[in-house]
Amino acid sequence: MNNVYKLKIFDFEGPIEKLVELIEDKKLEINELSLAQITADFLNYLESLTSKIQSEENKKEYLQILSSFVVMASRLIFIKSKSLLNFNLEKDEEDEKEIKDLEHRLRWFKEFRPALKIIKNLWLKNIIFSRSYLEKKFLVSHIFAPGNLKDVSFAPEYLNKIFGEFEKLLKEEKTLAKNIISLEEKIKSLLAHFKLVQQTNFSKLSENASRGELIVTFLAILHLAREGLISLEQNGYFSDIIIKKRNHE
Amino acid sequence: MNELNKNKKLAELEALLFIYGEPISFKKISEVLEITEDDVLKLVEDFKESLEGENRGLTLLFSEEKIQIGTKPEFISILEKLIKKEISEDLTPASLETLALILYFSPISRSKIEYHRGVDSSFILKSLLLRGLIERYPDPKMPNAYLYVPSFNLLRHLGISKKEDLPDYEKFNELNKKFEEGKLAQENSNSLEENLSEEEQNKNQNEKTEN
Chain U
274 MNNVYKLKIF DFEGPIEKLV ELIEDKKLEI NELSLAQITA DFLNYLESLT
324 SKIQSEENKK EYLQILSSFV VMASRLIFIK SKSLLNFNLE KDEEDEKEIK
374 DLEHRLRWFK EFRPALKIIK NLWLKNIIFS RSYLEKKFLV SHIFAPGNLK
424 DVSFAPEYLN KIFGEFEKLL KEEKTLAKNI ISLEEKIKSL LAHFKLVQQT
474 NFSKLSENAS RGELIVTFLA ILHLAREGLI SLEQNGYFSD IIIKKRNHE
Chain V
3 MNELNKNKKL AELEALLFIY GEPISFKKIS EVLEITEDDV LKLVEDFKES
53 LEGENRGLTL LFSEEKIQIG TKPEFISILE KLIKKEISED LTPASLETLA
103 LILYFSPISR SKIEYHRGVD SSFILKSLLL RGLIERYPDP KMPNAYLYVP
153 SFNLLRHLGI SKKEDLPDYE KFNELNKKFE EGKLAQENSN SLEENLSEEE
203 QNKNQNEKTE N
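So the protein lines, in turn, are chains U and V.
Plus 273 on top of the position in the first sequence (first one is 1) and you've got the working numbering.
Plus 2 on top of the position in the second sequence (first one is 1) and you've got the working numbering.
Keep in mind that the hints were calculated from the coordinates and are not lab data.
A portion of the hints provided could be inaccurate.
If you want the footprint, here are the derived chain V segments under chain U, 3+ residues with CB under 8 Å [stated by the list, open to error]: (1) 60–72; (2) 166–175.
From chain U, some residues computed to sit far from chain V (all C-beta separations above 10 Å) [said to hold, decoys possible]: (3) 337; (4) 460; (5) 483; (6) 498.
All of these numbers come straight from a predicted model, not from anything done at the bench.
Even for Gly, the Cβ is constructed at its ideal location relative to N, Cα and C.
Let the hints inform the model, and build the full structure from the sequences given.
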């Protein structure tokens, strides 16, 4: 599915190559006039692209690429309208520069275009083969096929080593589990705490707490404050936060 | 290196390239063979020459201070006999444009590729990176930007030893240089025109005030 989309999304040429192709098809020179002449062809091409937007999933990527074509189309429409209306308005420096730049890029690509054919013709015509790094394969086969299979005295030692590796993984899992404190649990425990006391402060709540617990405690009091169950006071930067229970009538 | 030592080192280089298989840097070769990098360059040059004869089936690939050993491109016929299948897969137009720019003008930035193609190229570059056809490294002159280069994999798929072996490599690079100079000249003349038109405007204004 993904592959299908990739083929499609890269199935079209860039705007510059397309323009060069359109101009060459009509055997025109590259200049403002010829750009005006091929505007309609380019718009048709743009339309055929937009009709290719099929899967919602990849729409974003399509649109990002299409936007470049739309920018190019709008530039062409501007050039076209200029030629139709025979604008003799004051020359806009920016516009002139942009059109000159576009012509420059088209001339450049026209000269470069034969290179695409060269690459296309070379592709997979002749291939140089090489091998992947030998050592990896060598080491792996070495471990899995010990030379002398009649002698299995090495087995217990290796099995122990293997189980040792597994044990390491298990231990790691346990320590991780200990450190996980859910925000929900913390809120519940704080609510229970406030049934007993009216006022406390952050340093008392987070006494002996791990870094993770500290953060969860902080998030919990922020949550409770937002809910309007507690109020928070702080007398200065970095000073302790005083937490008061709000009594609802 | 004397003649005797050199022959030994040539054999060692051949063995190393065979064992290593993948592209290996000149630096790494100098470490493993315990010779200077200058000697590595000379050795590699001699080794390359020794492979040129018709009675040899191997060749060397070069890119970015690395080399790799591989079979000569024409022996694809042997593989096709082995797997009884012709190898073919087309490049999409977007891939072709992008690869051609990278092959002829690398190291090249994404912005330059996009300037010449006229289209956002981030997805196609990502796809080519994933397929292992190109590589990239941070641009030393521009933070957060990358320079793209052909991979050994790409060279092998094209059956060329190094990018400079591409047909018309010099021609296209000359052309690019000429165009860039032309563009500079154009920009300069533009600014000249601007100056002129400003002068004219001043003149016009002066005339108006006189009237």
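Hints breached by this structure: 3
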